[in-house]
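Student: Sequence:
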Amino acid sequence: MYAIGERPGIGSYRDEAGHTITLNRPADALPPCPRCTPWRITTWTRVP
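In the numbering used here, the protein residues as written are 93 to 140.
For the record, the hints were derived by calculation from the structure and aren't laboratory data. Please read these numbers as outputs of a predicted model, since none were measured by experiment. Hints are not guaranteed to be accurate.
As the list claims (entries may be wrong) - For each label pair, taking beta carbons as the anchor points, the in silico distance ranges come out as:
#1 Pro124 x Gly103: 26 to 32 angstroms
#2 Thr129 x Met93: 25 to 31 angstroms
#3 Thr129 x Ile102: 26 to 32 angstroms
#4 Gly101 x Trp131: 15 to 21 angstroms
#5 Gly101 x Pro124: 28 to 34 angstroms
#6 Pro130 x Gly110: 26 to 32 angstroms
#7 Arg127 x Glu98: 26 to 32 angstroms
#8 Pro126 x Ile102: 16 to 22 angstroms
#9 Arg127 x Gly103: 28 to 34 angstroms
#10 Trp131 x Ile102: 26 to 32 angstroms
#11 Thr129 x Gly101: 14 to 20 angstroms
#12 Asn116 x Thr137: 14 to 20 angstroms
#13 Pro118 x Pro140: 26 to 32 angstroms
Cβ atoms here follow ideal geometry from the backbone N, Cα and C, with glycine treated the same way.
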């Protein structure tokens, strides 16, 4: 699992609410959940 701000590399990631994002560059950082409330703590997992 990855936290907001981590740079886990190129790929797709899903948060515990089911929202998916794609990082296209190695330097991209994981953002907060794009559709959740701002105070929600978001953790991401890599989508195979």
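Student: All the hints need checking, so say for each whether the structure fits it.
Tutor: Hints, verified against the model:
1. Pro124 x Gly103: 26 to 32 angstroms: violated, 18 angstroms
2. Thr129 x Met93: 25 to 31 angstroms: violated, 20 angstroms
3. Thr129 x Ile102: 26 to 32 angstroms: holds, 28 angstroms
4. Gly101 x Trp131: 15 to 21 angstroms: About 27 angstroms separates the Cβ atoms of Gly101 and Trp131, which means 15 to 21 angstroms is violated.
5. Gly101 x Pro124: 28 to 34 angstroms: At 19 angstroms between Cβs, range violated.
6. Pro130 x Gly110: 26 to 32 angstroms: violated, 18 angstroms
7. Arg127 x Glu98: 26 to 32 angstroms: violated, 20 angstroms
8. Pro126 x Ile102: 16 to 22 angstroms: holds, 18 angstroms
9. Arg127 x Gly103: 28 to 34 angstroms: violated, 20 angstroms
10. Trp131 x Ile102: 26 to 32 angstroms: holds, 29 angstroms
11. Thr129 x Gly101: 14 to 20 angstroms: Violated: the Cβ-Cβ distance is about 27 angstroms, outside 14 to 20 angstroms.
12. Asn116 x Thr137: 14 to 20 angstroms: Given range 14 to 20 angstroms: holds, Cβ gap about 18 angstroms.
13. Pro118 x Pro140: 26 to 32 angstroms: Because 19 angstroms falls outside the window, the suggested range is violated.
Of the numbered hints given earlier, the model fails hints 1, 2, 4, 5, 6, 7, 9, 11, 13; all others are met.
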